[in-house]
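Asks: Here is what each chain is made of, one letter per residue.
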Amino acid sequence: MDLVDLVNRTQFLGPEFLTWLWYRVELQQGIFDIGGELGAFELWFDDRLVVGSATMGAQENHFKGGHPASSAEARTALRLGKMANQAKLRIVRASAEWSFVLKDDLSVSGVKIPAVLGREDDEQLDERMMLLDQLDAMLKGLLAQFLMLRTAPEWQADELPALLAWVASEASA
Amino acid sequence: MGAFHGSLTYRQFFVQGELPHDFRTVFAAQIADNAFKDIDPASEEERALGWCSPKFALDVDLHQGHWLYNDHLVLGLRIDALKVPGPLLKLHTERVCRETMAEQGSDTLNRYQKAQIKENVKLELRSRMLPSVKSVDFVWTLSTGLLRFWSANDKLCVEFQELFERTFGLQLKADTPYTAAAFGRLGVDESVVERLATLEPMLLTGEG
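So the sequence lines, in the order shown, correspond to chains A and B. Quick note, in the working numbering, the first sequence goes up one by one and the last residue is 173. Quick note, in the working numbering, the second sequence goes up one by one and the last residue is 381.
Don't read these hints as lab results, they were simulated from the structure. Just so it is clear, the structure is predicted and the values come from calculations on it, not from any experiment. Take these hints with a grain of salt, some might be off.
[Claimed, not checked] SDA-like mimics (lysine to any residue), calculated; alpha carbons at most 20 Å apart, straight line:
#1 LYS140(A) x MET274(B)
#2 LYS287(B) x LEU303(B)
#3 LYS103(A) x PHE177(B)
#4 LYS88(A) x THR182(B)
#5 LYS140(A) x THR182(B)
#6 LYS103(A) x PRO374(B)
#7 LYS112(A) x PHE177(B)
[Said to hold, decoys possible] Sample of chain A residues with no beta-carbon within 10 Å of chain B, all distances over it, derived:
#8 ASP47
#9 ARG48
#10 GLY66
Heads up, the beta-carbon is just placed ideally off N, CA and C, and yes, glycines get one too.
Based on the sequences and whatever the hints tell you, model everything.
Replies: What follows is the structure, given as structure tokens:
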């Protein structure tokens, strides 16, 4: 299989990652630790969430306002077999905060980064890229955790049953 | 827009391949070769793409100070479009057809004459129009090979990818869960990458 085929074949990992993240946010109260230089941070689902399924006639549910990730409507959509396609997320690490919409193709939009202090163009560029690199490193750290779990025997034995139980349970709000 | 100021909406790519040893010189020539060139109104061309300064889209004189910022190679992808709106073309074609019939004292024109008039009107209108200009930045961090392109539009991403690869002779691979793992961006073992290729989608309905 060539790379294009492999990328297409594994496209489902994008929605699965976002959905797993949703479950883990609720399980861990938003606290994640990816080790290394960046260590621990908080991640929250914010006020926008899209759930859908490529195998269900591409019908999507768009939730906006309030806290859709903990709504009964969004949980019901999961029970119908849909998964998160995009979500507005918020990450807080030390005193820095990032807000952004993450899509299941890993593209990000509307990113708000911590304040940039540099005045010159070069300094601003360096700072903006450094802050986006930090965001990327945190997301990649989470993606690595997901993929290692997803490919391990623990996925079928523990993680998936727990995730399915969460999907079947009532939402907290 | 994007690299220095403005909204942060982007798609990430991994640059595959080695930087040439004398990349400053090599890239300078390659960037100049693929810098944006204006659309010729006398041609049929309706859309053109090429590199421009990330700070001023109309500046296409791209010397090194315009694209190398410390560890970042930054350029704008300029996209011009010069297209006569259909209703406007129809209206002016009708005007010229009426004038021609009046000059000839006839009530009708044949198909060939109408087509010729339409073509002439199109060229005339194109010569009087200014193209729409849009530019989208990319930032390539040379030390890591991570590239951000300030658009998530699928068609534009493909066009950008083609121009980038033609310009720099290096391949761009979109950042996806699989490529991130396969290209060592996640620090996961090769065995994880191998198993990814055999995974089946999970079903939340618990049917499989």
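Asks: Compare the structure with each hint and give your call.
Replies: Results of checking the hints against the structure:
no., hint, in the structure
1, LYS140(A) x MET274(B), "violated, 69 Å"
2, LYS287(B) x LEU303(B), "violated, 26 Å"
3, LYS103(A) x PHE177(B), "violated, 23 Å"
4, LYS88(A) x THR182(B), "holds, 13 Å"
5, LYS140(A) x THR182(B), "holds, 18 Å"
6, LYS103(A) x PRO374(B), "holds, 18 Å"
7, LYS112(A) x PHE177(B), "holds, 14 Å"
8, ASP47, "holds, 18 Å"
9, ARG48, "holds, 14 Å"
10, GLY66, "holds, 23 Å"
Checked against the numbered hints given earlier, this structure breaks hints 1, 2 and 3; the rest are met.
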